[in-house]
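S.K.: Residue numbers (this note's numbering), protein chains in the order written: chain A, 1 to 358; chain B, 1 to 318; chain C, 1 to 433.
Warning: the hint list may mix true and false statements.
[What the hints assert, rightly or not] Once the Cα atoms are required to be at most 20 Å apart in a straight line, the calculated SDA-like pairs of lysine to any residue come out as:
hint : chain 1 : residue 1 : chain 2 : residue 2
1    : C       : Lys247    : B       : Phe8
2    : C       : Lys201    : C       : Pro139
3    : C       : Lys201    : C       : Lys221
4    : C       : Lys221    : B       : Arg187
5    : C       : Lys170    : C       : Met195
6    : A       : Lys306    : C       : Lys170
Think of the hints as simulated: they come from the structure by calculation, not from any bench.
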Amino acid sequence: MIYRETGQFKTNYKADNSIFPILQDRIAIIFYLFVAFIVIPAFGSDFFINSMMIPFLIFALAAIGLNILTGFTGQISLGTGAFMGVGAYSCYKLVTIFPDTNVIFLIVISGFFSAAIGMVFGLPSLRIKGFYLVVTTLAAQFFLEWCFIRIEWLYNYNTSGAIEVPRREVFNVIVTGPEAAAVTQYLVVLSIVVAMTWIASNLIHGRIGRSWMMIRDMDIAAELMGVRPLYAKLSAFAVSSFYAGVAGAMMVFMWLGAAEVESFDVNHSFLILFMVIIGGLGSIKGSFLGAAFIWMLPVVLRAFPKALGLDVPVATVEHVNFMIIGGLIIFFLIIEPNGLARIWALLKQKLRVWPFPY
Amino acid sequence: MDLLYDIFADPFVQMAGMPDFFVQVLWEGFVTGTLYALIALGFVLIFKASGVFNFAQGIMVVFAALTLVGLYQAGVPALLALVLSLGVMGTLAVSVERLVLRHLVNQPDIILFMATIGLSYFLIGFGEFIFGGETKSMITSELGLPTGSSVVDFAGGIVIFQHIDIAAVVIAGILVTSLALFFSKSRIGRALRAVADDHQAALSVGISLNQIWVIVWFAAGIVALATGIMWGARSDVSFALQIVALKALPVLILGGFTSVPGAIVGGLIIGFGEKIFEVYWGGLLGGGVEGWFAYVIALIFLLFRPQGLFGEKIIERI
Amino acid sequence: MFKKVTTGAVALAIVSTLQIAPVSAQETLYVPLLTYRTGPFAGGGIPIANGSADYYAMLNERDGGIGGLKIVTEECETSYNSQKGVECYEATKGNGALVYNPYSTGITLQLIPKAPVDEIPVLSMGYGLSAVAVGEKFPWTFNYPASYWDQMSSIISFIDTQDGGIKGKKVGFIYLDVGYGKEPIPLLESLSESMGFEVVKFPVAGKEMQTQSSHWLNVRKENPDWMIMWGWGAMNPTAIKEAAKIKYPMDHFIGNWWSGADVDLKPAGEAGKGYRSANMAASGTHFQALQDVIKYVVEPGNSQADPDTVGSVLYNRGLYNSVVVAEAIRTAQEIAGHANITGAEMRAGLEALDLTAERLAELGLADFTAPIKATCENHGSGGSIFMQQWDGSKWVRTSDLIAPMTDLVRAELEAAADQYVSDKPNWKTQSCN
C-alpha cells in the first residue's frame, strides 16, 4: 500500500469532469511540471537539453498529433513527416515575410497551413480504410516531399535547397538562430508543448473527441447515431496535422536550425508511428512515453559502451543498437500490445495494492 | 495554348516521331513492371495468409541478396551459396514464426504491422553486423545469368534488349505463375485462404496456423531472394536497396492486397504508366515525378474502387 | 500528463552527465570524426572513415602526435543523417573539439551557422556550401582544396578542350536531388549562357537511386553530347550500369569526385570502361605516408580497414582530409606559440594553411595532390582537380591539374555569399585588410 486513493469524493459535476480527479495525480503533475520547468533548466547540461529534451518534446507533440488521428479516430497515417514539413516550410516563409512578428506566434500559426493540407489529403479517408489509407497517406508524403524540392519559392530560391533559421528575438531574448541559448529554446518548446497537450486533452474529453472515438470504434454505427463522418474525420485530420505542423516548425526553428527535405522524409513518419504504438494508441500519456522510449533509448545505448569503458567500434554499437531497438519493439508488442501507457497503468495498480497481489 | 499543346499533343507527336524509342520505353516499363509485381507478390503472399502487412519485405530483399553475395565472397561456390541462402531464408521464416507471430495470434492488424517494422530494424542491424555496410556487387555471371545485350533494328532506329532484363522477366514470370498456381490449386493454398479469412475459424477446422505461416514466410523469402538478385544486378547490393520495396506499395493498392493476379496487373500498369509519364510528361513538371506518380494513379483508382482492382469487396456489418 | 517521462528523464540526466564527462583532459588534441559506417551511404562512408582515422593513428604511433601532443579521435556515427549529425556535434563539441569534418553537405549546412557561435571551425573538403570559400563572409568555414563550383568549372573547361570545344553542345547533368546535387546548378546555368552550351537536367530523387531506368530513357531521348554526374552512394553504380545499357559513350560521361570511387565502378566492371571522374588526391599505396600507415597501423591490426581497400580512392580522400587537418594543427601551434590549441586558434591555423609541394614531399606525399594555400579572403583555395578514367578494373589518372575558372567562379561565389548573409543581420563577418 504505497498510496491510496480512497476517500476522495466528488460532490459536484465540475469535480466529476476534471481531468485529474485524484489528488495524487494532481500532485504528480505539479511535480512533473516543477521538474520540467525548474529542475531541468537549472541542472541539465547543454547536450542533455539540446539533444534529448528538446527533440523528445517535439516528437512527443507530433506523436500526440498522430495519436489523435490513429489512436482516437482510427485512421492510420504515414504522412506525419510531410505534414511536419508543411509546418516547417510555412513557418520559414512566414518568418521571412514578416520578420518583425513574434516568432513563437508564427510557429503556432504555421500549424494552420499544415492543417489545411492535412484536410485535403484526409479526403480519401471518407472512402478508404485501413492499409489502403496508409498508402494514400504515403502518396501525400511523397508528393509533398517532391514539392519541398521542386517549388523553389518555399525555400526562397536558396541554392542549397535548405531552409536556414534566421535569428529572431522575442522581448529582447534570442529565441531562434544559432546564438539562442539551449535553455531558452527548451522553455519555449516546453511551454508550447504543455499548452497544446492541455488543449488536446480537453478536445479529446469533449464532444469532438467522443465523436472521433465513435468513428474509430465503428464508423457505420457512429454515422447511424448522428456523427457526421465528414466532419469527424476531417477535423481529426486537421487537428492532427496542426499538431504535426507545429512540431515540424519547432523541429527546425528550435532544434535543428537548418533543414533539408531529408528531415521530413518517410522515416520520420515511421518514427512518429512507432512512438504512438509503443507508447499506447489512444493515450496522450503514451505519446510522451513512446517519444521518450524511441528517441532517448538510442542516445543512451550509444553512450553506454563508453560509460562502461569498453572500446567497441561505433559502427558495431550502431548495429547492436538497431538490433536492440527492433527486438524491444517486438518484445513490447508481445508482452503488452496496448503500449507503455498500459504498462504504466498496471504499475500504478500494483503500487496501489502492494504488498498484496490484488 | 503552348501549355495545352505540351500536355495534349507534343508527347504523342514524340511517340509517333520516334517509334523505336517508344518501344524501348514500353520495354523498360514492362521489365520494371514485372519486377514491381515480383516485390508486390512478396507482400501479397504474407498479407493473404496472415493479414500482416509485412513491412520487413524490403529489408528481406537486402538480407537475402547480402547472404548470397556474402557466402560467395566467403568462398562458397555460387550455386551452393544460392541453395544456402534459401536455407537462411527458411530459417528466418521459422524464427519469425516461433519468436514473433506465434505470440501475436489474433492481435489487431496494426500490432502485427508494427511487429514487422521491429523485425526490419532488427534485420538491418543484424545484416550490417554480419556482412558489414560495404557495397557489394551481385554475382550475376557466376550464377549463370546472362549479361550483355541484343540490339534490334526497328523502324529506322534501334531497340536495346538487355539479356539480364529478359532473364528477369522470364524468372519473375515463372515464379509468379508457379506461386499463383500453388496457392490457388493446392491443398495448402486453400488452407492459406482459410487462414486469411479468420485465424480462429481456421484453427478450429484443424489447419495448423504455424505451419502455414512458416510456408508463406518462406515463400516470401524466396521471392525476396529473386528480387534481390534482379535489382542487385541492375545496381549493386547495399542497404539502399530496401527503398525499392516501397515502390511496391502503389502496386498493392492498385491490385488489391489479397490478389496475386492483382499484383501482376498492378505492377504492369504502374511500370508502364510511370515510365511513359516520366519520359513524355515529366519534363513539364521539372522531372523526378516518378516518386509519387505511381501513388497518384493508385489514389485515383482507389476513389472509384476502394478495394483495388482485384481486391475482395469489403462488406461491413454492424 | 507527463508522468514517468520526466522522472525517467531526470535519471537519464544524471546518467548522461556522467557519460558526457570530457574524455580528453587538456593535454591532447581532440578531433571528433563524424562518420557513417551504417545506412544507405555506408559504402562510401566506411573507406573515408578508415582513411581519416588511420592517418591520425599513424601520426600518434610514428611521431607521438603533433607538437608533442597526442591526437585523440572520437568517432560518432551519423548514418549520413542531418539530425544524427547535429546530435553528434552537440555530444562532442564540449570536449574541446578542434575542427569538424561532417562529410555530408546536409550536416555541413546545419553546422555553418553554429561554428561562429561555438568557435569551432568546420572544414568541408570538397563538399558543403560552395560560397563558404569567401573568407570575409564565412570566417569559420573552409572548403579547400576546391568547392563544387570550382569543380564544375574545371569539368566544363575539360570538356571545352575535347572534341572541338563545348560551344553549341548539349550537356546533360544528372544529380542526386538533394542539397548536394543541386549545389552546382547556378554556376552550370550561368556558364551555359556565357559559353554557349545547352544544359539538360536529370534529377534523381533519393528513393529513385536504384531505379534510374526512366532517367536514362530521358537521356537517350535528349541525347546530350556530354553527361556530368553529381551522385553518391548507390546512385553511382546504377547510373553507370544504366548508361552502359543505353550505350551512352562512356568517355563522354564525367562524374564529380564523389562519383568516382572504386566501389562505384566495380559492379559495372568492363561495362564502365572509359568513364571519367574528377578527383583531388591520387589513389594507390606507393606514397611514403601510406607505407607508414600500413606499417604502423594496418599491419599491427589497429585499423578497421580491410587491407585491400587501403589506397583506394575514398580511403585516400579520408587520409588527405586528415593530412590537411594535421598540417593546420601544426600551423595553428606555430601561430599560437603553444601546442595545446583551442578551436579559435585552430581557425587561424586553417586560414594560414600553406601546404606547399615541398611540404607534401616532406610528408611523404609528393605528387599526391596539388598544393593548398588558404588566405583570409579565400577559404576555398581553388585547385587540384584532375581527371581519372576507369580502365575496366582500376582508376588511371589521365590529366594534369585542371584549373577552375577562378575569376568567373569567384564573382559567383561572392554573390552567393552575399545572398546567404543578407537575411542574417547579426552574421559575423571578418575584414581582411
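S.K.: All hints, please: hold or fail.
M.R.: A quick look at each hint next to the structure:
1. C:Lys247 - B:Phe8: violated, 31 Å
2. C:Lys201 - C:Pro139: With a Cα-Cα distance of about 33 Å, the restraint between Lys201 (chain C) and Pro139 (chain C) is violated, given a limit of 20 Å.
3. C:Lys201 - C:Lys221: holds, 13 Å
4. C:Lys221 - B:Arg187: Violated, at roughly 51 Å.
5. C:Lys170 - C:Met195: holds, 12 Å
6. A:Lys306 - C:Lys170: Judged against 20 Å, a Cα distance of about 54 Å means the pair is violated.
The earlier numbered hints that this structure contradicts are 1, 2, 4 and 6.
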